[in-house]
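Chemist: Sequence:
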Amino acid sequence: MDKYRGRIISIVCFFIAMGIWNYLYYYVNDYPINWTLDITFSVILGLFVWNIAYFYDKSIMLNKRLRVSEENHLQLVESTEAIFNNLNQAVFQTDATYKIIAANPAWEKQTGFPLFSSLHQDIHTFIYDDDVETFLVQVTDQIEHRSSATHLEFRLKKVDDSYRWVECFCKFTYDSNEQLVSMIGSLFDITTRKQFEDSLLIENQKLVMQSDRFAVSAQLAAGIAHEVRNPLTAISGFLQLIRPELVSQKDYLDIIFSEIKRIEFILSELMVLTKPQKPNLEKLDIVKVVDHVLALLETNALLHDVELVKLYSDAPIWVNGDENQLKQVFINLVKNGIEATKLNGEVSVNIKRDKTSVHIQVTDNGIGMDEKTLKEIAHPFFTTKETGTGLGLAVCYAIVESHHGAVRVESTLDEGSTFIVVLPVISDEGSPL
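Note that this note's numbering has the sequence shown beginning at 22, numbered continuously upward.
Keep in mind the hints are simulated off the structure, nothing from the lab. Even glycine gets a Cβ: it sits at the ideal position worked out from N, Cα and C. Heads up, some of the hints might be wrong.
[Stated by the list, open to error] For each label pair, taking beta carbons as the anchor points, the in silico distance ranges come out as:
no., residue 1, residue 2, range
1, Tyr-48, Lys-79, 33 to 43 angstroms
2, Leu-364, Lys-215, 47 to 57 angstroms
3, Lys-192, Tyr-25, 41 to 51 angstroms
4, Phe-137, Glu-392, 46 to 56 angstroms
The whole structure should be built from the sequences, with the hints applied where relevant.
Modeler: Right, dumping it as structure tokens:
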């Protein structure tokens, strides 16, 4: 009814006025009635009043809609400002000359520059000097191609002369002549990501350098092993020939032969490391392999006053592997554990299986290792032993990798270490799981 209120009131008033007029004109003054003139006049006047009332109603409704629209617009502006002011990332707006004309409070938090002093400053004033040219070139290129949006990475200056890496998402606005009107940008701090990328790049470079050094060392070691083995074999042979004639020097000869065997062992490990033999894979019960290793090293453990503890069941767990190579791995790991453990210590061996792999854990309560040592132990020629060659663990890693497995190490200084060998398991029929 509100939309017809003006017309209803006007028509009611019109009829009342016409009634009063007719009463005064025809009844009181007793004028004769001219129906044609009277009806025509009344209709014309009624239509006039109706149209006036119609435009009045329309103006009232338009004013009402305008008020509602203004209220909605005000609410939208307030809501937008609330969002703008409460965003965690800095947002700024520039004019066509890249001068900042608006920014939110997060700008001050992110840069340290007061908001009032940042306004009307060139945006590149807050960009790290080395990145300004790149920023301007990229933005100009996007504007020349009338791009609507782009994203950039640069270093943002802070009030204390430090900087933070940011990713800037920019939105460009153009007028009807395709001329830039403004640029709106939001800044996301990516400093942590950049630091991680830089550290990863450095680590990769180190790995490449280590790989290059290892390749050269491997070639050199292979050459040395080959060149030394031949004269060593000749020396050993001639010593065997003259051994009966030097009975009085038996003790010295035993020492010489012992050291020759040690040299031959080192040469063998060098050859394995530089030219690893392809494993002769066959179906093996890894539990029996570990049992055999523990039996072999039981005497060695007793000599060091160390107890070997078996923490696994005898249930078979099948793997594809080279028995001799895997025994070499576990002998090395258990022997290292024995040598690292103090008197009355303990070296425990546990075997756990999941759906696709078996985990063989060798744990000692010996001296343990610090983080620096943990990073180096798999590298050839690195050793913490006075008489070690630094090849044993490197060979272990190479053998396990050739079996499509992995070696993990957990250690705490002065508390002990755990070496975990992970190998893929197979079914009882010999197929991979």
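Chemist: Holds or violated: 46 to 56 angstroms for the Cβ distance of Phe-137 and Glu-392?
Modeler: holds (49 angstroms)
Chemist: Taking the beta carbons of Leu-364 and Lys-215, is their distance inside 47 to 57 angstroms?
Modeler: holds (51 angstroms)
Chemist: Between Lys-192 and Tyr-25, does the C-beta distance stay in 41 to 51 angstroms?
Modeler: holds (47 angstroms)
Chemist: Please test the hint of 33 to 43 angstroms on the beta carbon pair from Tyr-48 and Lys-79.
Modeler: Distance hint for Tyr-48, Lys-79 holds at roughly 38 angstroms.
Violated hints: none; the structure is consistent with every hint.
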